[in-house]
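Chemist: Here is what each chain is made of, one letter per residue.
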Amino acid sequence: MNTYIWLVRREFWENRAIWVIPLAIGAFMLLCALFGRPDLMVASSAALGRTVGQAFLGAVGATFFAVMSIYAAWYLLDCLYADRKDRSVLFWKSLPISDATTVLSKLATAVIVIPAVYFAAADLTSLLMAFIISVRASSIVGGALWQADLWLQFQVLWLYLILTTAIWYLPVAGYLLVISSWAQRAVTLWSILPPLALILGERWFFGTHVIAHQLGVRLFGFSDVAFNANLASWASAAAADHDAVRTPADIWSFLDFAGFFSSMATWAGAAAGAALIVGAIQLRMRRTEL
Amino acid sequence: MRVIMPALIEARDLTKKYGAHVALDRASFSVGDGRIVGLIGPNGAGKTSALRAILGLTAYEGQLRVLGREPFRDRTALMQDASFIADVAVLPGWLRVDNAVDFVAGVHPRFRRDRAAALLAKTGIAGTRRMRQLSKGMKTQVHLALTMAIDAKLLVLDEPTLGLDILARRAFYDALVNDYMDETRTILITTHQVEEVENLLTDVLFIDKGRIVLDSSLDDIAVRYTAIAVAADQIDAARAQKPFHERRLLGKTVLYYEHPDMAKLAGLGEFHTPSVSDLFVAKLSGAAA
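Chains A and B supply the protein sequences, listed in that same order. Terminal number for the first sequence in my numbering: 290, no gaps in between. Terminal number for the second sequence in my numbering: 289, no gaps in between.
Be aware that one or more of the hints could be misleading.
[To be verified] Here are the computed distance ranges between Cβ atoms for each label pair:
#1 LEU198/A x GLU70/B: 31 to 39 Å
#2 PRO194/A x LYS136/B: 32 to 40 Å
#3 SER285/B x ARG185/A: 35 to 43 Å
#4 HIS21/B x PHE261/A: 47 to 55 Å
#5 ILE112/A x SER285/B: 56 to 64 Å
#6 LEU152/A x LYS136/B: 49 to 57 Å
#7 GLU70/B x ALA274/A: 19 to 27 Å
[Stated by the list, open to error] Incomplete in silico selection of chain A near chain B, CB under 7 Å:
#8 TRP6
#9 SER94
#10 ARG218
Treat the hints as calculated values from the structure; they're not laboratory data. Positions of the beta carbon are idealized from the N, C-alpha and C atoms, including for glycine.
Could you put together the complete structure from these sequences and hints?
Modeler: This is the structure:
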């Protein structure tokens, strides 16, 4: 366990972007709150106030989550390749740390540590923004941003997203790690080429598009499996009837916890992801040069 | 009671192929306790492949035991007792000197932090500096300080002074011999610059085209090999004793023999024990030189 903590710390030293990017996003948002026009947020009634509150938390959260997804993918693609590129892999391998531990520490950094950093940054940013806006704007706007139950619901949503995306996108993460421990150069290009070749090959030789479909489901089908209805309808339901989503517990009716964890696609993907991670570890054991 | 220890490194028919290219061709050798062994060969002879196999960095064919373990399968356990400097340039540029010490102290049970601190203090390199800000010589000093602070039974050095100037090279080997080496340790060094290490070696392994062509202690070399410098009029008599290599030098010819009949060579010229570098050239270029 101690070794994992040191390995994660090491990732922070190497990839300062892990905290610099969320810090920069947060700082930019705070500047907007400080110098923007919060009075443009119209909240004339309590019902509208909920929508404003949700839109506010949703916008902040979605921005952080989108950037995080892109950064985590880039990190996975780079992490093992970077060690070989600067030859430091020979230093890391002179220490009594197994390749499995190393690869798993990088996976954990991407699916647990980085999301946790962004989660904390999103929370901190929305708190500070709400504070700044409520000082600067009318009390009704300010009030719309201080709804404890809404706030708690977003905490649940974030935690649910971190957990479920980690499992759902495990095959993607495993695939990126394989490319990162295997490619000689141009990791980004190599990450795109094999699936593209498979899709085109299948079309030309068999006239079918099973791979393209499966890939589409994996990349874009997450919300169908993880949510009962899409998140937009949550917002509109709340707007139409502000009693619809009232208490923190109510968010459960939108998160399809049981559906996600009983879905065949979830576990088939997780198994494929595990196999790819084993492959990445095997490659890491054998490849020390570019 | 004297306990008979198995050799620290025991290789039998060690083979490594890269596609059609055979980098190691059934190499067999062993390295004993407390020795300083030079693995010496020309470029592309298989030195690095042998070291990679010994350090568990690559899969191989044949039998190999290092400190009683199979390196590729047990690299993690092996690295508790063995350490290596693959190349001076492998410390990542973003790593700070003090963070490097913290990290190794955190993950290596045999790392002695006080020792690393003392060694680093001697170099005068500030802990807050990053590796990319250091010269190659300074980076080597940092790497050596980290490695020497590990209580390892086996230290492997692969071309450790490549790209260093003469001052840094001398400092490297002086630190190694004076501050590190004792009877509990074994060092394996590869280099293609034989002159630089021959004074500190106790044993040599010559490797050529993936095969071990000489496995000997320096003491044995003195017993086994003889060189004699003869004038032109004695050359036929000297050649009759089957030298394995000849070399023309300043008007004389130096002939190299393995286990010669000293009585028959007596009086033909001046005897000396060949140096490691002479022997290396003699062994690798063969009789036709």
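Chemist: Under the constraints set out in the numbered hints, which ones does this structure not fulfil?
Modeler: 10
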